[in-house]
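Trainee: Protein chains in written order, with our numbering: chain A, 1 to 299; chain B, 1 to 230.
Quick caveat, the hints were computed from the structure, so don't treat them as lab data.
A few of these clues could be false.
Claimed, not checked - Partial selection, computed: residues in chain A whose CB lies under 8 Å from chain B:
(1) H21
(2) R41
(3) G42
(4) N45
(5) M123
(6) I222
(7) I249
(8) I254
To be verified - These stretches of chain B come out as covered by chain A in the derived footprint (C-beta under 8 Å, 3 or more residues):
(9) 56-63
(10) 136-147
(11) 192-206
(12) 209-218
For each residue, glycine too, the CB sits at the ideal point set by N, CA and C.
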Amino acid sequence: MSGPPAMVLFDVPGPKARVRHVIVAVVGALAVLALLAAVIRGLANPENNQLTAAKWKPFLTAETWTAYLLPGLGRTLLAAAIAMVLSLVVGVLLGVGRLSGNGIVRAACGVFVEFFRSVPVLMMMLFAFFFGIFILHISGDPVALFGVIAGLTFYNSCVIAELIRSGVNSLPRGQREAGLAIGLTGLQTLAAILLPQAITAMLPSLISQLVVILKDTALGYIITYSEVLRSGQNFATRTGNLIPTLIVIAAMFILINYGLSRLARYLEARLRATRNVKTPPADPMLNPAMATGAGASAQ
Amino acid sequence: MIDGLRTLFAEYDVLGAFWMTIKLTVLSAIGSLVIGTVVAVLRVSPVSVLRLFGTTYVNIIRNTPLTLIVFFCAFGISNTLGITLARQDSPTFIVDNNFRFAVIALAVYHAAFTAEALRSGINTVGQGQAEAARAIGLSFMPTLSNVVLPQAFRGAIAPLGNTMIALTKNTTVVATIGVAEASLMMKNMLEFNISLLFPIFVIMAGGFVLLTLPLGVAFTWLSRRLTVQR
Numbered sequence: 001m002s003g004p005p006a007m008v009l010f011d012v013p014g015p016k017a018r019v020r021h022v023i024v025a026v027v028g029a030l031a032v033l034a035l036l037a038a039v040i041r042g043l044a045n046p047e048n049n050q051l052t053a054a055k056w057k058p059f060l061t062a063e064t065w066t067a068y069l070l071p072g073l074g075r076t077l078l079a080a081a082i083a084m085v086l087s088l089v090v091g092v093l094l095g096v097g098r099l100s101g102n103g104i105v106r107a108a109c110g111v112f113v114e115f116f117r118s119v120p121v122l123m124m125m126l127f128a129f130f131f132g133i134f135i136l137h138i139s140g141d142p143v144a145l146f147g148v149i150a151g152l153t154f155y156n157s158c159v160i161a162e163l164i165r166s167g168v169n170s171l172p173r174g175q176r177e178a179g180l181a182i183g184l185t186g187l188q189t190l191a192a193i194l195l196p197q198a199i200t201a202m203l204p205s206l207i208s209q210l211v212v213i214l215k216d217t218a219l220g221y222i223i224t225y226s227e228v229l230r231s232g233q234n235f236a237t238r239t240g241n242l243i244p245t246l247i248v249i250a251a252m253f254i255l256i257n258y259g260l261s262r263l264a265r266y267l268e269a270r271l272r273a274t275r276n277v278k279t280p281p282a283d284p285m286l287n288p289a290m291a292t293g294a295g296a297s298a299q
Numbered sequence: 001m002i003d004g005l006r007t008l009f010a011e012y013d014v015l016g017a018f019w020m021t022i023k024l025t026v027l028s029a030i031g032s033l034v035i036g037t038v039v040a041v042l043r044v045s046p047v048s049v050l051r052l053f054g055t056t057y058v059n060i061i062r063n064t065p066l067t068l069i070v071f072f073c074a075f076g077i078s079n080t081l082g083i084t085l086a087r088q089d090s091p092t093f094i095v096d097n098n099f100r101f102a103v104i105a106l107a108v109y110h111a112a113f114t115a116e117a118l119r120s121g122i123n124t125v126g127q128g129q130a131e132a133a134r135a136i137g138l139s140f141m142p143t144l145s146n147v148v149l150p151q152a153f154r155g156a157i158a159p160l161g162n163t164m165i166a167l168t169k170n171t172t173v174v175a176t177i178g179v180a181e182a183s184l185m186m187k188n189m190l191e192f193n194i195s196l197l198f199p200i201f202v203i204m205a206g207g208f209v210l211l212t213l214p215l216g217v218a219f220t221w222l223s224r225r226l227t228v229q230r
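Just chain B, same shape as in the assembly (with noise of 0.2 Å):
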């Protein structure tokens, strides 16, 4: 069995697949949390259609399964609407392209449980803050970016570290459109090494154990240092 693994691994890139779920993690987080705020923005704004909009985002991406949205982006936009996101003469397009893809994919998705976890942080944030911010004169787009978001954000923490592990996880959704991640080298793996049916799963799951528990830490550990007093 060691012999087995060893050419195992000798066959198989496993840092590599690792590698392309870390790139994928930080690239969709840092999209989503971008949508994330903005749809957060608009489901707590004073103006009602814009409310509208934010709600019908989360209802719709929140109920869809991930692997529709994965599959939409690549298969229905790229392939059947010809779409692309990469040059179609560089020898990497079809690598380029789905990744870029499952990027977009995954950050759409996310946002919506980014958004919920921001909304449930700027409803832990005191009464009397918005109410100070107001007194002193401030609309409602200064209220919010100066005071309350700031604080939103460190009271999010918790929700936010639970949104970025699952999205840790999902990241392997992406192998239905053929990224080289960690799931789809398991894959690959299983098909032609049975025999090591138990050890390469172990290692492969090891991988995301290794990977989601220090961020569950982390984030525990911020959200008690970041928690705003009072």
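Chain A extracted, bound-state conformation (with noise of 0.2 Å):
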């Protein structure tokens, strides 16, 4: 996406300036082609080749993919639909407690959200893991599927807090004193009024989560949770093709996350286009700030 921000760093092209446009796009595909050359070339050396037709085969039969494959990452997608709706959950219930009238639930949730943030997601997959097995004595995929859906709500359920918190904060305050205003309660004030614009301002950055969270149960290999890159493995060493594997999967990936991502940018662009639609610019009440992706490190 190149915005018009972008378009004032160069001048519109004259002749002489296409020319040398047209050359610099040639050497620049020139140098992306010898790159892929290279890159070919090394995936077809002599003694192990990884572009033979034998290589490659095996993801036309049904039982790669009914038997590794498509399991693999149905057991990513289970991990991941139940993370996103349990950080979804306890992130709204956090970033309310965040913004409680009451201190010690305020602290409470502070410190809770400050540590949990800038602890690894695979260390709280580690504890969980572990714990699943020695405290809870579960054992076998369940524990793996226990320890990667425990560490990534702990985790994306804290960053969830603060887009909801950096989202309430974001609206004008007349929203809130008119809440209170008309008889409601602080937290009903909250639940009624502010939160669902919060979350509907936020909502970008939450799906931008979602895809987050998605790539993140790759991290449950770790602790042998059996999810598409595990399974994808077991395959590569039956037929030798770990690298052709590896490629397919990350393409599952790519297109699974670039649909979220796309969703992301369309309910971006909605939001926006309503709000302009229906809000006057005179009535700054109706026009909280756009989220800005601010407190969101999108990775």
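Relying on the hints, combine the two individually framed chains into one complex.
Mentor: Structure (structure tokens):
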């Protein structure tokens, strides 16, 4: 996306500049083609050719998909879906806690959020995994699933709590005051007036966070969860085509995540459009600041 | 429990593991800044083909799990294709090779986010700056390198800081390929000392809090100090 701000970095090209641009484009394209050629030569080296039909043919048989890749993808999506729902619920609760009128609740939620936001997801997964094995006495795939979901939920609910908080804080003060003025309690104002607006404004960032959750399920590989990367590896050790398998798995992730990102961008554009149509610019009360992605460390 | 922790610390080099985390972070941060700057320049360049390359890079890398990229570098490029980054006959071949591939994977992955942070920084630079540069006859590259990018870096400190903090935490992912950093050590510790589950988690997680909280404070301070006044 090269929006208008970038366009002023250069003049509208004249005849000479256009020629130069064509030359640069050709040189750039040749450089990328050379890089691609090097990659292909590397893949097709004589002693270990990755591009032979034999290495790619397994992807045309139904068994590859029904026995390995699709169940793996299913478990990836299962972990991601549960973690998404739990993160959203816990995240909203934590966000409400951080906005609470009660100082103790606010401080407790604040410490919780700040701590778990700065700890790597993998460490939380490891902790939950070993906690599940030795303290809850579960084993096998369920404990790995538990570890993945717990790790993802702890981390992402904290990120979502921050999104909710910055969303509510970006609303005009009059919203809260109006709610209190008509006799709602603080919590009712939050639930009926502030949260719906904050969540709508933060929807694009929330969806970007869902992309993060989906990507991070791949960490389950380390705690032996048989998600798509591990089932792909199992498959590849049988057929000896690790690189083609990884490429296919990457393509699956890219497709799903790119779809989600497009959805986020579409929602953002639609939000902006509906807001422009419905809100007269003279009325600042109805024009909450759009989410600028502040606080969303989109990793 | 205190005794248990004492023997644990005697047995495991916790500081060494965090030193590895710091080395991974610094080296891949430098790498991702270099690659990210190039990609960001591609994304705002006047040549549409180059813009397409930049966008494609960001879209592919950003939507792929880091675990998969790390996995691909170590098991795909190194083991399967036999391309190595260390001398095969050196006694520390496996350690060096995996460490270097880990740095490359982390740099390549975070470059996509660095590029996006820089692009948002470019957007904070006032239009008049680039217009003035063009008015005195600078072409695209001089406009970018002398006028826009220096201000863009200052405007991008906050998102760059977020990326760097995420990078610090994401170094744990290279435990996948056995680089001896903090999370791999935590895994080994837990496997043999399950009675110390909570203290081990608190200590190792606390190490990351100690690493990332000052980074966050520093970047907030820097972004306030370096913001271009207008």
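Trainee: Indicate, hint by hint, whether the structure satisfies it.
Mentor: The hints, checked one at a time:
1. H21: 5 Å, holds
2. R41: Given a least distance of 11 Å, the restraint on A/R41 is violated.
3. G42: 6 Å, holds
4. N45: 7 Å, holds
5. M123: With Cβ-Cβ at 5 Å, under 8 Å, it holds.
6. I222: 6 Å, holds
7. I249: 7 Å, holds
8. I254: Given a least distance of 4 Å, the restraint on A/I254 holds.
9. 56-63: Since three or more residues must qualify, the claim that chain A covers the segment 56-63 of chain B holds, with 4 doing so at under 8 Å.
10. 136-147: It holds, with 4 qualifying residues against the three required.
11. 192-206: Check passed, 5 qualifying residues.
12. 209-218: Coverage by chain A holds for the segment 209-218 of chain B (4 residues, Cβ < 8 Å).
Figure legend: structure checked against the earlier numbered hints; the only hint not met is number 2.
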